[in-house]
Amino acid sequence: MFTYIIYIIAICGLMVSWLKDKSKTKMALRKAWKTFEGIFPQLITVLMIIGVMLTLVDESVISSWLGSDSSGIGVILAAILGSITLIPGFVAFPLAASLLEMGAGYMQITMFLTTLMMVGIITFPVESKYFGKKITMKRNVFAFCFAVCISLVIGGVF
Amino acid sequence: MKRYRIPLLLLILNIIFGVLYPIFGISTLNIMKMNLSEMLSVMPPIFIILGLLDVWVERSTLVKFMGEGSGVKGSVLAFVMGSVAAGPLYAAFPIAAMLIKKGAKFQNVCLFLGVWSTTKIPMLLFESANLGLRYTTIRFVCNIIGISIVAALMEITTSKEDKMELIEHVNQLESE
Numbered sequence: 019m020f021t022y023i024i025y026i027i028a029i030c031g032l033m034v035s036w037l038k039d040k041s042k043t044k045m046a047l048r049k050a051w052k053t054f055e056g057i058f059p060q061l062i063t064v065l066m067i068i069g070v071m072l073t074l075v076d077e078s079v080i081s082s083w084l085g086s087d088s089s090g091i092g093v094i095l096a097a098i099l100g101s102i103t104l105i106p107g108f109v110a111f112p113l114a115a116s117l118l119e120m121g122a123g124y125m126q127i128t129m130f131l132t133t134l135m136m137v138g139i140i141t142f143p144v145e146s147k148y149f150g151k152k153i154t155m156k157r158n159v160f161a162f163c164f165a166v167c168i169s170l171v172i173g174g175v176f
Numbered sequence: 183m184k185r186y187r188i189p190l191l192l193l194i195l196n197i198i199f200g201v202l203y204p205i206f207g208i209s210t211l212n213i214m215k216m217n218l219s220e221m222l223s224v225m226p227p228i229f230i231i232l233g234l235l236d237v238w239v240e241r242s243t244l245v246k247f248m249g250e251g252s253g254v255k256g257s258v259l260a261f262v263m264g265s266v267a268a269g270p271l272y273a274a275f276p277i278a279a280m281l282i283k284k285g286a287k288f289q290n291v292c293l294f295l296g297v298w299s300t301t302k303i304p305m306l307l308f309e310s311a312n313l314g315l316r317y318t319t320i321r322f323v324c325n326i327i328g329i330s331i332v333a334a335l336m337e338i339t340t341s342k343e344d345k346m347e348l349i350e351h352v353n354q355l356e357s358e
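Chains Y and F, in that order, give the protein sequences.
Residue 19 is where the first sequence starts when you use the numbering used here, and the numbers rise one by one after that.
Residue 183 is where the second sequence starts when you use the numbering used here, and the numbers rise one by one after that.
Do not rely on the hints blindly, as some may be mistaken.
Computed cross-link-like contacts, PhoX-like style, restricted to lysine-lysine with a CA-CA straight-line distance of at most 20 Å [stated by the list, open to error]:
(1) Y/K156 / Y/K52
(2) Y/K40 / Y/K52
(3) F/K215 / Y/K156
(4) F/K284 / Y/K49
(5) Y/K49 / Y/K147
(6) F/K342 / Y/K49
(7) F/K215 / Y/K151
If you're looking for bench data, these hints aren't it; they were derived computationally from the structure.
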């Protein structure tokens, strides 16, 4: 749904831009392409590594690690799994729901989801290409610390 | 072509493994296909919007709305931009880089990245469908607080020199 909205915004933007100034529009498209092509090699590298990783550590492995474990070790495992892997949201949320059903705690699930979305070890090369190693490192460390905090809070509430 | 060396090498390794262990090969291929199709479906419009913003939005305008001294307005704008987004976090990096280039405040850029990563509206809808409204609401509130704190910490802990270096680095990306 939202993808369509983004497409509509992009297409409308292009049309308005084209009517106002053709050469500027061409420049915008050139920039769009250049930016995309600029990170494409890193992106497909990341996608291939994810493909291999998720084959080795598939949903059944994740379930057996996090499934019924609601101890501290479960939280640590969730943090490791979440930080390394990068699973799209439409897979991650149903997976989290099924983990809950299997007996995992809310603390583990929150840790898993938060690190999954905010901390990216595999995407480190892509991120540091834009922001440099130092800032990328810092952002990931802070995000990880935040994941620990939010897991404790949510683990306490539920 | 040099930039494609690593992915090409990985692809060859992948094919070799895939032939030796077909089950492994098919699975990696399927996951790659899924991720690639996600990437290719959301990224074109995002990059087109990025290009348009880059061409049409003057640096001075962006500084006014998101730069130093933009105050709450800048934070709210960063927040809205991140919320309506779609796509994985790595799609946000080039946009964040463009914002830095145009003079957005570092804290606002961090806020934008944080919001994009966890509290995108399409994701929230999906999350509440799977994990319940109560969980989603609590996580959302915690996330907003956490993202704001992380953005503030990023701003405080990054020295002026580091920020200058970042701006220079981002400008160089363009000319490559």
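Each hint, compared with the structure:
For the hint linking Y/K156 to Y/K52, the alpha-carbon distance of about 28 Å lies beyond 20 Å, and the restraint is violated. A hinted pair counts as satisfied when its Cα atoms are at most 20 Å apart, and Y/K40 with Y/K52 qualifies at roughly 18 Å. In summary, the hint linking F/K215 to Y/K156 is not supported, as the alpha carbons are separated by about 32 Å, beyond the 20 Å threshold. A hinted pair counts as satisfied when its Cα atoms are at most 20 Å apart, and F/K284 with Y/K49 qualifies at roughly 15 Å.
For the suggested pair Y/K49 and Y/K147, the alpha carbons sit about 17 Å apart, so the restraint of at most 20 Å is met. Note on F/K342 and Y/K49: the hinted pairing is violated, with a Cα-Cα distance of about 29 Å set against a maximum of 20 Å. About 29 Å separates the Cα atoms of F/K215 and Y/K151, which puts this hinted pair outside 20 Å; it is violated.
In this structure, the hints that do not hold are numbers 1, 3, 6 and 7, in rising order.
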